[in-house]
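Undergrad: What follows is each chain in one-letter form.
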Amino acid sequence: MSALVFDKVSKRFEGGRLVLDAVSLEVPRGARYAVVGRSGSGKSTLLHIAAGIEVATQGTVGLFGKALHELDDRGRTLLRRDAVGLVFQSFFLLPHLSVAENVGLPAMIAGTMSGRMRDRVRHLLTRVGLADRSADSVQKLSGGEMQRVAICRALLLSPKLILADEPTGNLDDVTGREVMRLLLEACGDEGATLVYVTHSQELAALADARFVLHSGVLEKAP
Amino acid sequence: MVRYFAKALAAMVAKSPVLYVLTVLGVALGVASVVTIQLINDNAIAAFAASVRAVTGDDELTIVPTLGALDDSAMRVALADAATQTARPIVRVDALAGEERLSIVATDLTQPTRGPLELGAERAGDPLVTPGWIALSHELAARLGVTPGGTFTAVNGSRRVVLTAGALVDFKATLPLAPSSIAVMDIAQAQAVFGLSPGLDEVAIDLLDGADVLAAAARIGEVLGERARVLTPDERAEEAAGLLAAFRLNLTALSLISLAVGVFLIHGALQATLLRRRTELGVLRALGATRRQVVGLVIGEVMLIGCLGTALGLPLGVVAARANIDVVSGTLTNLYLLQTVEELRVPVWVIAVGAAVGLGSALLGATLSLIELRREDARALLVVSTLQESLLVLAPRLLVGAALLGSATAIFGVAARSWAPAGFVIAVTILATVVLATPWLVLRVSRLVRPRGFGFGYSMRSLGQKLAANAFAVASLAIAVSMMFGITAMVGSFRATLESWIGSTVRADIYVSTETRGRLDDDVLRTIAATPGTRASDVLRKGEARMGERTVRLSGVNVSLPGVPSRWPLLHAEGGVLEAVAGGGLLVSEPLARKANLARGERIQLRTLTGEHELTIAGVFYDYTTEQGTMVVDTATFVRLVGPVAPSSVALYLNHGVDIDATVRDLQRRLGDSPVVVRSNQRLRATILDIFDQTFAITVILQAMSFLIAVAGIALTLLIAARERAAELALYRALGATRCQVFRIFVGQGLSLGAFGLVLGAIGGAALVMVLILLINRAYFGWTIRLALPGWALAEQAATILAAAVLAALYPAMRASRTPSQELVRDDL
Ligand SMILES: Nc1ncnc2c1ncn2[C@@H]1O[C@H](COP(=O)(O)OP(=O)(O)OP(=O)(O)O)[C@@H](O)[C@H]1O
Ligand SMILES: [Mg+2]
Numbered sequence: 001m002s003a004l005v006f007d008k009v010s011k012r013f014e015g016g017r018l019v020l021d022a023v024s025l026e027v028p029r030g031a032r033y034a035v036v037g038r039s040g041s042g043k044s045t046l047l048h049i050a051a052g053i054e055v056a057t058q059g060t061v062g063l064f065g066k067a068l069h070e071l072d073d074r075g076r077t078l079l080r081r082d083a084v085g086l087v088f089q090s091f092f093l094l095p096h097l098s099v100a101e102n103v104g105l106p107a108m109i110a111g112t113m114s115g116r117m118r119d120r121v122r123h124l125l126t127r128v129g130l131a132d133r134s135a136d137s138v139q140k141l142s143g144g145e146m147q148r149v150a151i152c153r154a155l156l157l158s159p160k161l162i163l164a165d166e167p168t169g170n171l172d173d174v175t176g177r178e179v180m181r182l183l184l185e186a187c188g189d190e191g192a193t194l195v196y197v198t199h200s201q202e203l204a205a206l207a208d209a210r211f212v213l214h215s216g217v218l219e220k221a222p
Numbered sequence: 001m002v003r004y005f006a007k008a009l010a011a012m013v014a015k016s017p018v019l020y021v022l023t024v025l026g027v028a029l030g031v032a033s034v035v036t037i038q039l040i041n042d043n044a045i046a047a048f049a050a051s052v053r054a055v056t057g058d059d060e061l062t063i064v065p066t067l068g069a070l071d072d073s074a075m076r077v078a079l080a081d082a083a084t085q086t087a088r089p090i091v092r093v094d095a096l097a098g099e100e101r102l103s104i105v106a107t108d109l110t111q112p113t114r115g116p117l118e119l120g121a122e123r124a125g126d127p128l129v130t131p132g133w134i135a136l137s138h139e140l141a142a143r144l145g146v147t148p149g150g151t152f153t154a155v156n157g158s159r160r161v162v163l164t165a166g167a168l169v170d171f172k173a174t175l176p177l178a179p180s181s182i183a184v185m186d187i188a189q190a191q192a193v194f195g196l197s198p199g200l201d202e203v204a205i206d207l208l209d210g211a212d213v214l215a216a217a218a219r220i221g222e223v224l225g226e227r228a229r230v231l232t233p234d235e236r237a238e239e240a241a242g243l244l245a246a247f248r249l250n251l252t253a254l255s256l257i258s259l260a261v262g263v264f265l266i267h268g269a270l271q272a273t274l275l276r277r278r279t280e281l282g283v284l285r286a287l288g289a290t291r292r293q294v295v296g297l298v299i300g301e302v303m304l305i306g307c308l309g310t311a312l313g314l315p316l317g318v319v320a321a322r323a324n325i326d327v328v329s330g331t332l333t334n335l336y337l338l339q340t341v342e343e344l345r346v347p348v349w350v351i352a353v354g355a356a357v358g359l360g361s362a363l364l365g366a367t368l369s370l371i372e373l374r375r376e377d378a379r380a381l382l383v384v385s386t387l388q389e390s391l392l393v394l395a396p397r398l399l400v401g402a403a404l405l406g407s408a409t410a411i412f413g414v415a416a417r418s419w420a421p422a423g424f425v426i427a428v429t430i431l432a433t434v435v436l437a438t439p440w441l442v443l444r445v446s447r448l449v450r451p452r453g454f455g456f457g458y459s460m461r462s463l464g465q466k467l468a469a470n471a472f473a474v475a476s477l478a479i480a481v482s483m484m485f486g487i488t489a490m491v492g493s494f495r496a497t498l499e500s501w502i503g504s505t506v507r508a509d510i511y512v513s514t515e516t517r518g519r520l521d522d523d524v525l526r527t528i529a530a531t532p533g534t535r536a537s538d539v540l541r542k543g544e545a546r547m548g549e550r551t552v553r554l555s556g557v558n559v560s561l562p563g564v565p566s567r568w569p570l571l572h573a574e575g576g577v578l579e580a581v582a583g584g585g586l587l588v589s590e591p592l593a594r595k596a597n598l599a600r601g602e603r604i605q606l607r608t609l610t611g612e613h614e615l616t617i618a619g620v621f622y623d624y625t626t627e628q629g630t631m632v633v634d635t636a637t638f639v640r641l642v643g644p645v646a647p648s649s650v651a652l653y654l655n656h657g658v659d660i661d662a663t664v665r666d667l668q669r670r671l672g673d674s675p676v677v678v679r680s681n682q683r684l685r686a687t688i689l690d691i692f693d694q695t696f697a698i699t700v701i702l703q704a705m706s707f708l709i710a711v712a713g714i715a716l717t718l719l720i721a722a723r724e725r726a727a728e729l730a731l732y733r734a735l736g737a738t739r740c741q742v743f744r745i746f747v748g749q750g751l752s753l754g755a756f757g758l759v760l761g762a763i764g765g766a767a768l769v770m771v772l773i774l775l776i777n778r779a780y781f782g783w784t785i786r787l788a789l790p791g792w793a794l795a796e797q798a799a800t801i802l803a804a805a806v807l808a809a810l811y812p813a814m815r816a817s818r819t820p821s822q823e824l825v826r827d828d829l
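Residue numbers (the working numbering), protein chains in the order written: chain A, 1 to 222; chain B, 1 to 829.
FYI, nobody ran anything at the bench for these hints, they're computed from the structure. There could be a bad hint or two in this list.
Partial selection, computed: residues in chain B whose CB lies under 8 Å from chain A [said to hold, decoys possible]:
#: 1; residue: L448
#: 2; residue: R452
#: 3; residue: F456
#: 4; residue: G736
Since we're looking at a predicted model, the values are computed, not measured. Every residue, glycine too, gets a C-beta built ideally from N, C-alpha and C.
Whenever a hint applies, use it, and build me the whole structure from the sequences.
TA: Here it is, written out as structure tokens:
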């Protein structure tokens, strides 16, 4: 069973042009796929549809064997909560929470916050070099630091599928590589599947397969 | 820019019509609360003044006795003055016909009368000849079920009389506010029918056209000397208002509070709107809109809401006043045995004040945001305001608050004894401090919370976000709760104090008194005296005396009754006090002692109808029957001072083992149809407490207002939050929170807003009740109230507030839970 299956998925925003045009894609479990493409080509939209945040206009999306359109809102939400880790392009950290609390948020929502979960938060923050910042407000962080917090948050519940939207967009090359290694290790250690968007050829080269999104059409890159 | 304004407005309304409506409603509520209280205040006072002026019309001068009653010489003096056109003697009689209270004004109907009586259309019989001829208002006649020529019975003191409805008069034609209980009789008839002792309550003088009113008053006053005072219409109105002072104080305080609450609500409602537009305004500035354009935009938007809200609030206030006037009337009638307010009149100035409050606060709100716009450069506005920034803005305000409190306390320290309103200054300062401390406290506490899950703790934690809006909701709730708790605790303490006071003062087994302020006839007294099983009896006589410029009530009782030493709970208990009273000394009630600065051992001069007397104050006793204060002397002393007047009430002490209720029934039977009230000890205690409860019924309005504020503030804040925090909510949804969870978070926020308001309000309320009891009450009423918290009532209110908070959160929570996860993509956090 594949982790993620797109079958002729199209997306048109209300009154807008066609952003995704019959995209088909199959991501096997444990695979690491990269998506590249010009700005505005629909990469973020693709990830959001995969996560069930956006709904496809046409076509079907399967997540671990479940067809998203057959699930109701609650079903999609719980599936996303339990199986998907999301890294947003613009992080979306909550300013009123501390660094550690932002990372721990998915566990709070899932109702699984515990001593062990707190240890995991500390462990993840240590991995990205932010252990000493855990009590700080996220507003005090730099863009790159925020990005690392966002990645920790996505990894917290050891999701089976990680969808990362330009996870290294705000990072310098060295940190970017480090963060990328973290994501890839998560896949290696815990057998997670990873789909990530990037503009960097170098980072895209780390993937098992590369796809190019161009004017809504997805093509496999050589 | 105008086009932009229209477009932006339309977009805003379309985006969230409920929010816009709620903002307008917030303004309307503020305006309405001000209008309601002002109207009630104005109408209560106008009704009182009208009842004073009723029938005598616009006489130019009134002679009133210094003590007791006027004799015929006052009429002669009045008529003898060169400027006098006519003079009329007046006697006032309170009577009861069934449940209806009659305020009878008896005057000389042999003279041609001016004023409303001339208008009497339906007449029967002759005012001077037909027995018991009385002119009634149409309404009263209808309520009594009599037509011209018909008869009905009325009661004054222990006397029952038959009256004939002689004429139906529209008193309201000349005096729109005249109460319908006014009735008019001929003076000779009234004196004969009711068996009144000779003497007049007033002489009304009509001056010749062009006469100098003040000079005439001075001349007549000169001739009358100490016996009487001559009042101009203004002075009379002042005197009337003076009687109502305490009541007015209550209402004025209430109206000031309503004003503050109104301004606060309006300001908060608009601030929320402006806060949402801040970023937009910043962008406009960054794109080159001039400051003037932005200012125009803000003022235009705010004034539009202000106008809509005011237009809605004014009629709302009138309706609310109409609905509540009964409660106030009840308070008035109980406190001062006056007429009720029957029709609401709406003076223009009240409407003007309401409109000014609505539009003024709107402008104030706009100005404050404009100051902020000025201070920050265009770019800074683009940055979403952070917590630190808010705190920085708030810190100076907090300091100002502390400074305010300090100086108010200082003012009090210096002026405590000489300046009564000091208590109010402190009360306002307390409320201001509560408001100022709110943002800081909310931020602090919400940061202390370490949420373990996505539940109540998390709701609490996120209050720190959008601090300004949340602090507004909490502060307005805290103010409401402070007032509610403060007043409830004060009334509760007062009631508890009164209860224990009744316990020690109401000791006799049976009390006999009259319904009206009359006296007991001899045969009634004989019947009472013949009650079997009586151990002792005590009669109470009532009179008046002058002490300097003050008229004081004098009560004559038998102080040497055995076994009832606690009837006058003394401030400073010590032996020999009652012996001193029996030997010609007097007891002074606490309010009088405070107001006139009297202490035990002091010798005071009293002037009565029998002349000047010097008496020694044997002690000061707790008394809650009248705020004017009263003096108690032994019967023998009373007779020496006032004369052998008939008693007003009798208290019977029964032998052990005698059945009280059976004795009451037996006495009632033996008294036959004498219109007196026989009450057992228990009944009297219950009656006193009933009157107390009715007197404070007006506080219900306050509670309703607080409740509305709680609901409106919280609903408004959360509804705004549901919109403003769409991105945050969408993030929760993206991270796997179900709709139900988001719903719970919002309800939790309503609950935590409620809880914060409750805690802050409880602190403010505790401070307020101390101020009310120790300062305001002491300064204005002179009563000692022991603090006794009405735990149940407070707990009930607290529960109601929390329930209201949750209720107010339901709709916003529903809205919030519908936030789709897509919102995340469009908005920034
Ligand atoms: N909620 C929305 N409503 C309407 N149009 C949208 C919405 N979200 C995205 N779009 C449009 O869809 C197109 C693709 O957007 P998307 O964010 O997926 O691009 P992207 O490839 O991630 O670009 P970038 O590299 O700049 O992040 C854009 O033209 C954008 O305007
Ligand atoms: Mg993108």
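Undergrad: Determine for every hint whether it applies to the structure shown.
TA: Hints versus structure:
Interface hint status for L448 (chain B): violated, as the beta-carbon distance to the closest one in chain A is roughly 12 Å, over 8 Å. Because the beta carbon of R452 (chain B) sits about 5 Å from the nearest beta carbon in chain A, less than 8 Å, this interface hint is met. Look at F456 (chain B): its Cβ only gets to about 12 Å from chain A, farther than 8 Å, so that hint breaks. About 2 Å separates the beta-carbon of G736 (chain B) from the nearest beta-carbon of chain A, less than 8 Å, and the hint is met.
Checked against the numbered hints above, the structure breaks hints 1, 3 and satisfies the rest.
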